[in-house]
Amino acid sequence: MESLLFTIYALATCGAALGVVLSQNVARMAFWLVVSLGCVAGLFFMLNADFVGATQLLIYVGGTVVLLIFGVMLTASGPFNTIKSEPAEMIQAGVIGIALLAILIPTVTSVDWVGNRDTLSHAGVKSPSGEFNQQGEGGTSRHIGAALLGVRVDQADASAPSEAHEHHEADHDHGHEHAHGEEAHSHAAHDHAHAQVSETNQASGYLLPFEIISVHLLVVLIGASYLARAKRRVEQPTS
Amino acid sequence: MESVGLSGYLIVGAVLFVCGVICMATKRNGIGILMGVELVLNGANLNFVAFSQHTHLGLDGQIASLFVIVLAAAEAAVALAIALNFYNNHLTIDVDRAADLKG
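From first to last, the protein sequence lines stand for chains A and B.
Per the numbering used here, residue 13 is the first one in the first sequence, and the count goes up by one each step.
Per the numbering used here, residue 1051 is the first one in the second sequence, and the count goes up by one each step.
By construction, these hints were calculated from the structure, which means they are not laboratory data.
Keep in mind that this is a model prediction, so the values were computed, not measured.
Cβ coordinates follow ideal geometry from the N, Cα and C atoms, glycine included.
Mixed in with the good hints, there may be bad ones.
What the hints assert, rightly or not - Here are the computed distance ranges between Cβ atoms for each label pair:
| id | chain 1 | residue 1 | chain 2 | residue 2 | range |
| --- | --- | --- | --- | --- | --- |
| 1 | A | Arg154 | B | Ala1148 | 18 to 26 Å |
| 2 | B | Gly1153 | A | Ala66 | 26 to 34 Å |
| 3 | B | Gly1153 | A | Gly235 | 22 to 30 Å |
| 4 | A | Ser35 | B | Glu1125 | 18 to 26 Å |
| 5 | B | Arg1147 | A | Leu220 | 53 to 61 Å |
| 6 | B | Arg1147 | A | Pro221 | 36 to 44 Å |
| 7 | B | Val1118 | A | Ala100 | 17 to 25 Å |
| 8 | A | Val126 | B | Asn1138 | 24 to 32 Å |
| 9 | B | Ile1132 | A | Arg40 | 22 to 30 Å |
| 10 | B | Leu1151 | A | Thr19 | 46 to 54 Å |
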């Protein structure tokens, strides 16, 4: 079921991206772009990133593409007047693109991602346990909001079970020797996990990037409205 | 439950990236070049979210993709303002006509 949905979304995404490249009319390019971005949002939902997927739908498909379509309408020099690319350029770009794909795809497929993840976890890299949000899909918006405020709720949730799990494995190795002292041992493990949680809580938040991006948005809006202000054309068309 | 894995998402991201690069390189319409930039940014976003689900990245990948989305919206607004200004001065959106600074 999951692979079927992934196949549908992936084929739609790649096909719509090819449609953006191959179509010469700008309005059709905008339509294919909407299809491609919507299917990428579907892929985000499949990756349990519900807030990112909803933001993709709202900001990209609802905002940016509408902005682009307004740009298409405001800069149209005539009906059915398309600016065509040279066919030789398209052939050259196609060859270069296929070469680039032939580099990228074997690179992606030749890396053993699961093995790397297991190696990192054995090397003691502190992390949210394997995959983020294992217990259920969705529910990421609260964690993302807390992380933007500088508190990492997800790592506090995730590092405690992984820590206890590692300790439980260690207990399992010497289980018959230390069976009677297991209770105190697990209590010490819980204390250790608690210290780990307070460390990771202070470690990383996103308050400063949030502020920077807010100021950046303000500057960009002022700059855009200054650049696009109403101005008389330099040379009037025949009117 | 992981029947797809990381590689599928990365391949889709690579295809999006390559399509965006070709779109940026071949389109002569300024708005088309902007659409190519959007495709490239979406490929990067897909990689971020896929790594955030399947590796140790955790929530960081999703937050990085949110920043990319917001910055892409800002970039689209500024680039569209530049395109409108260009259209006001040249009465076309063909970027090959932007040769005023050619020596």
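Against the structure, the hints:
1. Hint check: Arg154 of chain A to Ala1148 of chain B, Cβ distance near 47 Å, so the stated range 18 to 26 Å is violated.
2. At about 49 Å, the CB distance of Gly1153 of chain B to Ala66 of chain A disagrees with the hint of 26 to 34 Å.
3. For Gly1153 of chain B and Gly235 of chain A, the Cβ-Cβ distance of about 28 Å falls inside the hinted range of 22 to 30 Å, so the restraint holds.
4. For the pair Ser35 of chain A and Glu1125 of chain B, the supplied restraint of 18 to 26 Å holds, since their beta-carbon distance comes to about 23 Å.
5. In this structure the hint that Arg1147 of chain B and Leu220 of chain A lie 53 to 61 Å apart at CB is violated, the actual value being about 42 Å.
6. Remark: the range hint 36 to 44 Å for Arg1147 of chain B to Pro221 of chain A is upheld by a beta-carbon distance near 39 Å.
7. A hinted range of 17 to 25 Å is violated for the C-beta pair Val1118 of chain B and Ala100 of chain A, which are about 34 Å apart.
8. Checking the proposed 24 to 32 Å range against Val126 of chain A and Asn1138 of chain B shows it is violated: the Cβ atoms sit about 55 Å from each other.
9. For Ile1132 of chain B paired with Arg40 of chain A, a C-beta distance near 23 Å keeps the hint of 22 to 30 Å intact.
10. In this structure the hint that Leu1151 of chain B and Thr19 of chain A lie 46 to 54 Å apart at CB holds, the actual value being about 48 Å.
Going down the numbered hints, you'll see the structure goes against 1, 2, 5, 7, 8, while the others check out.
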